[in-house]
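Participant: Take a look at the letters that make up each chain.
Protein chains: 2
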Amino acid sequence: MKIVVLKGMLKESHEKKIEDTAEKVGAKVCFVKDEKDIPEDFKDAEVIYGFGINTAKTSKALKWMCVPSAGVDAFVEPGFFANDDCLLSNSSGAYGVTIAEHIIAVTLMMMRKLTYTYEEILNGVWGLPKPQKSLKDCRITVLGTGDIGRTFAKRAKAFEPENIIGVCRSGKSDEESFDRVVKIEDLEEVLKETDLLVMSLPDTPETKGILSEDKIKLLPEGAYIVNVGRGSAIDEIALAKYLENGKLGGAALDVFVNEPLPKESPLWKTKNLLITPHNAGNLTLDYTLNKNVDMFCEDLLNYSNGLLLKYIVDRKKGY
Amino acid sequence: MKIVVLKGMLKESHEKKIEDTAEKVGAKVCFVKDEKDIPEDFKDAEVIYGFGINTAKTSKALKWMCVPSAGVDAFVEPGFFANDDCLLSNSSGAYGVTIAEHIIAVTLMMMRKLTYTYEEILNGVWGLPKPQKSLKDCRITVLGTGDIGRTFAKRAKAFEPENIIGVCRSGKSDEESFDRVVKIEDLEEVLKETDLLVMSLPDTPETKGILSEDKIKLLPEGAYIVNVGRGSAIDEIALAKYLENGKLGGAALDVFVNEPLPKESPLWKTKNLLITPHNAGNLTLDYTLNKNVDMFCEDLLNYSNGLLLKYIVDRKKGY
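Chains as they are written, first to last, in the numbering used here: chain Z, 3 to 321; chain S, 3 to 321.
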């Protein structure tokens, strides 16, 4: 078996771990910086770990691509793989910790007006006290109860919110930090009693535009929205409108319909909108990178033993 | 019994609660905006709720002053009260929630480079991924295990740190979120294994300059410091030095030796220093204000029944 690994941010210890696992299953590994560096004798590799987009599109020999991201919307379009039976796995589960910390950070920055304080400090101004809101007694709704939503809920629970409600397709979750879990059909009811809406949804036909203007309108006065899933889930124009008119307390977006956010987008200057450049989760955190590599190695054993991949993506569902 | 209440941020509901409690104990209450508005027949009031500094300094009739802050260093100097037997109580216990959220917020802002990201966004720049650190697996030391330190520790625990060590005079605490509690004498040992040092100490002779240059040097490379207690606890010049030379990962100060921070202070421009204008806890948060009033009313019942005040300050100890 031949495996190509796109090095990305991998450190020596990670390459060692991958090599050791490959040896166990009798596979040969080739580490490259870029797809164009794949040597001739690895062009027919069976497995690729990394965003091997060109390989996926052109190699009929490829049987499994593992991507180091949670989002896979770029790879699930019909016809994307030259080999239509190619397996796709992702690294959903590696990003929960870092993205949950992002959600807590931006939520508190909004609730405590810390961006305004920071702007004052940059200008040498010792500002007046600003109105503070709190996660204590806050009604939190988590739309999308995957690894990110659950890891966030565990942390948020310690802040003594009034409740945390999970919303997902099945209406079920084992995570005990949710006071209640409801189906997506019940979203409208839940939004009416939501002070903080956290969105961690994959991009699928079902989630596109799920937070429409009609739904934004249901949120109570002063509510906050945090989106770390995919930008397509929110009607950005409506969101900007309800931020500008003061209905919403604030929004923190890490993801956008178009990324990078175009220079001409009005979102850059929208009131009470905290923008981050799709950086809630990245591979600079050792924990995330280690977990990512561990997950690939775990599945490499599964793959070579003919077992189902643990982190497989259902390409039809899109996650 | 006559009571003067300085209104500050009190709402109608709070005044009602105070009036109801006063009625129970047969006291008369006078609400004023400012000490200079105290009417003639309340100048000999027995109790004042608020920063009644002039009254404390001049009225021999005053027997109890309750201040709506946790810090009391301004009121414990010998000779401060015209009536040397005057009782002093504070509102330590009302600020834990809001200040704990501040500590989490500024810690994550530093660990995730969110101030740099925000500056880029203000300039219309969609920046590159920045190196992230995490509370997960972090070694946290909490210097000062009062209400603020304990409330922070409870929240921090949910982020799965490697450990949380409390440091206080007695070396003891009931708070289960601390993996270990040690005495101040053991601080040096603990600092060597501290990635995040949270300081929530009152200003007393013992705490002045407790984080000296020698102690800062003991911290591991890349450590973070958050101070929400009193500015006098840190050698600010040494702190700035170890931020500028990159030994420390960052520091977030809400309190300073001189406040407001003087225009000419080099701290304004110190690298990786996140300044907030003594605003970690303020009375704008409903929860904090409600709790503050509840505490005063609770002690008003105690006072009128000749019981010990629950929130009494030991003026000799200074907290």
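I should point out that these hints are in silico values taken from the structure, not numbers from a laboratory.
Just so it is clear, the structure is predicted and the values come from calculations on it, not from any experiment.
There could be a bad hint or two in this list.
Okay, derived cross-link-like pairs now, DSBU-like style, lysine-lysine, Cα gap no bigger than 35 Å in a straight line [unchecked claim]:
| no. | chain 1 | residue 1 | chain 2 | residue 2 |
| --- | --- | --- | --- | --- |
| 1 | S | K13 | Z | K132 |
| 2 | S | K156 | S | K217 |
| 3 | S | K156 | Z | K265 |
| 4 | S | K18 | Z | K159 |
| 5 | Z | K159 | S | K59 |
| 6 | S | K174 | S | K132 |
Participant: Compare the structure with each hint and give your call.
Facilitator: Hint check:
A distance of roughly 17 Å separates the Cα atoms of K13(S) and K132(Z); the hinted pair therefore holds under the 35 Å criterion. The hinted pair formed by K156(S) and K217(S) meets the criterion: a straight-line CA distance of about 26 Å does not exceed 35 Å. About 42 Å separates the Cα atoms of K156(S) and K265(Z), which puts this hinted pair outside 35 Å; it is violated. Between K18(S) and K159(Z), the direct Cα distance comes to roughly 33 Å. Compliance with the 35 Å bound is thereby established for this hinted pair.
Taking the CA atoms of K159(Z) and K59(S), the gap is near 45 Å; set against the 35 Å cutoff, the hint is violated. A distance of roughly 39 Å separates the Cα atoms of K174(S) and K132(S); the hinted pair therefore is violated under the 35 Å criterion.
Going through the hint list in order, the structure does not satisfy hints 3, 5 and 6.
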